[in-house]
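Quick mapping for you: the protein sequence lines, in order, are chains H and G.
Going by this note's numbering, the first sequence opens with residue 1, and the numbers climb by one from there.
Going by this note's numbering, the second sequence opens with residue 1, and the numbers climb by one from there.
The hints are simulated quantities; they were obtained by calculation from the structure and are not laboratory data.
Don't take every hint at face value.
The list that follows gives simulated cross-link-like pairs (lysine-lysine, DSSO-like), each with its CA atoms no further than 30 Å apart [what the hints assert, rightly or not]:
1. K18/H - K44/G
2. K39/G - K26/G
3. K26/G - K44/G
4. K18/H - K39/G
5. K18/H - K26/G
Some chain H residues judged to face chain G by a derived CB distance under 7 Å, without partners named [unchecked claim]:
6. L2
7. M17
8. Q21
9. V23
Note that the Cβ used here is the ideal one computed from N, Cα and C, for glycine as well.
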Amino acid sequence: MLVNGTRINSCLTLAIMKDGQDVTTIEGLAEGSQLHALQQAFIEQDAFQCGYCTPGQICSGVGLIREGRARTEDEIRELHERKSLPLCAYPNIVAAIEQAMHAAESEVRR
Amino acid sequence: MNPFTYTRADNAATAVHEIAAGGQAKFIAGGTNLIDLMKMNVEKPNRLIDLNHLDLQTIQPTPDGGLRIGALVSNPNVAYDEQVEPPLSAPLPGDPRGSLERSFGTWRRPGGTCCCTRCAYFYDTATPCNKREPGSGCPAVQGLNRMHAILGTSEHCIAVHPSDMCVALAALEAVVRVTGPGGDRQIPIAEFHRLPADTPQFDSTLQANELITAVDLPRTALPTTRGISSFGIGNRSHSRWCRWRPPWSWTVTRSKRRACTRWGGSTNRGAILRPRLCSRGRHPPATISAGCRSDPS
Numbered sequence: 001m002l003v004n005g006t007r008i009n010s011c012l013t014l015a016i017m018k019d020g021q022d023v024t025t026i027e028g029l030a031e032g033s034q035l036h037a038l039q040q041a042f043i044e045q046d047a048f049q050c051g052y053c054t055p056g057q058i059c060s061g062v063g064l065i066r067e068g069r070a071r072t073e074d075e076i077r078e079l080h081e082r083k084s085l086p087l088c089a090y091p092n093i094v095a096a097i098e099q100a101m102h103a104a105e106s107e108v109r110r
Numbered sequence: 001m002n003p004f005t006y007t008r009a010d011n012a013a014t015a016v017h018e019i020a021a022g023g024q025a026k027f028i029a030g031g032t033n034l035i036d037l038m039k040m041n042v043e044k045p046n047r048l049i050d051l052n053h054l055d056l057q058t059i060q061p062t063p064d065g066g067l068r069i070g071a072l073v074s075n076p077n078v079a080y081d082e083q084v085e086p087p088l089s090a091p092l093p094g095d096p097r098g099s100l101e102r103s104f105g106t107w108r109r110p111g112g113t114c115c116c117t118r119c120a121y122f123y124d125t126a127t128p129c130n131k132r133e134p135g136s137g138c139p140a141v142q143g144l145n146r147m148h149a150i151l152g153t154s155e156h157c158i159a160v161h162p163s164d165m166c167v168a169l170a171a172l173e174a175v176v177r178v179t180g181p182g183g184d185r186q187i188p189i190a191e192f193h194r195l196p197a198d199t200p201q202f203d204s205t206l207q208a209n210e211l212i213t214a215v216d217l218p219r220t221a222l223p224t225t226r227g228i229s230s231f232g233i234g235n236r237s238h239s240r241w242c243r244w245r246p247p248w249s250w251t252v253t254r255s256k257r258r259a260c261t262r263w264g265g266s267t268n269r270g271a272i273l274r275p276r277l278c279s280r281g282r283h284p285p286a287t288i289s290a291g292c293r294s295d296p297s
């Protein structure tokens with residue numbers, strides 16, 4: 001999830017430790033029925049299999065894009081927080097993040 | 001279920017006072033190691049003292065030209081800080097963080113310094129473990145130990161320290177700054193971790209109720225012409241640290257894969273020194289022969 005916009009592993013922190021901070025889970029990314037750009041990209045790129053780690057993959061991707069450090073596919077691969085899973089969808093996850101990242105840049109330029 | 005209370009400390013003095021109040025109290029900061037261990041029932045504190053509101057969240061230059069990394073600065077913030085990785089003329093492939101630290105974006109620098117071994121027997125409370133229960137035995141010695149230490153072990157423990165960053169800190173001769181009931185002191189990183197010997201239950205030379213406040217990098221540790229690349233090559237005035245382990249193998253610590261390479265003279269002849277050893281403590285400055293295997297897989 002995201003705490004103050006920063007991606008963290010929610011399973012390794014206590015809720016009470018985040019008292020007073022801004023917490024966004026996967027459920028908080030969409031605006032009503034409008035999916036977040038990265039959620040939409042995950043669908044378009046077929047970036048999940050069973051879906052169990054997908055909320056974390058998406059939240060981590062949102063945080064990664066917000067950090068503004070990844071520019072290329074290689075940098076996305078290096079900086080994206082993997083889930084230590086033998087996941088065939090990783091190339092598609094990278095593609096989805098790249099798609100959303102470029103969409104966000106286009107939005108800013110507009 | 002292990003019930004526990006939670007307290008926030010506002011400053012280091014309060015934190016030290018709180019933990020000295022007795023009981024099975026533990027500091028918690030990033031929580032990525034402690035909460036994992038609590039879930040596995042390895043750690044069972046009845047009091048948690050939250051350090052996240054202490055004023056230890058900055059990276060500052062030191063009087064000798066080095067850097068003082070506050071204890072609560074997360075690994076990503078260390079990696080991204082312009083004092084640690086200055087702008088470079090040539091783009092580098094990516095981020096230098098070790099895989100274990102990168103896996104946990106909230107990993108605080110001292111937590112990485114104090115993180116516990118990933119030995120499966122240490123984690124499994126159904127098995128004996130001299131680190132968890134001194135005197136109970138070490139099933140890893142004759143058990144599944146492919147990922148355990150090959151040097152620096154004792155008959156009581158062959159556990160390995162899982163941190164990439166601590167190897168780099170040792171190569172860079174970092175100094176750990178602590179405070180406690182006895183006041184402030186500094187511990188060279190090479191003296192911070194302990195070899196197991198016959199007391200594997202003690203992971204470090206931290207005294208009871210002491211708190212890490214910062215890690216100092218000396219001036220000579222800072223990048224000159226290059227930052228630390230994603231291939232783990234750091235440039236010092238007289239040594240380089242190379243990481244050969246692929247970043248995804250965060251649960252695996254291979255002692256032969258991480259080494260400090262010392263370059264001698266102007267010919268760039270190097271000998272691989274100090275392969276990463278057992279979980280704690282110093283590394284004898286022995287030169288490893290060229291015959292040492294280095295499995296890049």
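Minimum beta-carbon distance criterion (7 Å), V23/H to chain G:
Violated: closest Cβ of chain G sits about 13 Å from V23/H, beyond 7 Å.
Against chain G, run the beta carbon of L2/H and see if the smallest gap drops under 7 Å.
violated (10 Å)
Given hint K39/G paired with K18/H - CA-CA distance at most 30 Å
Cα-Cα ~19 Å, so holds.
Hint check, M17/H versus chain G [nearest Cβ-Cβ separation less than 7 Å]
holds (6 Å)
Please work out if K18/H and K26/G have their alpha carbons no farther apart than 30 Å.
holds (18 Å)
Holds or violated: are the alpha carbons of K39/G and K26/G at most 30 Å from each other?
holds (15 Å)
Between K26/G and K44/G, does the CA-CA distance stay at or below 30 Å?
holds (9 Å)
30 Å Cα cutoff - pair K18/H, K44/G:
holds (21 Å)
Just to be careful: measuring from the Cβ of Q21/H to every Cβ in chain G, is the smallest value less than 7 Å?
violated (10 Å)
Checked against the numbered hints above, the structure breaks hints 6, 8, 9 and satisfies the rest.
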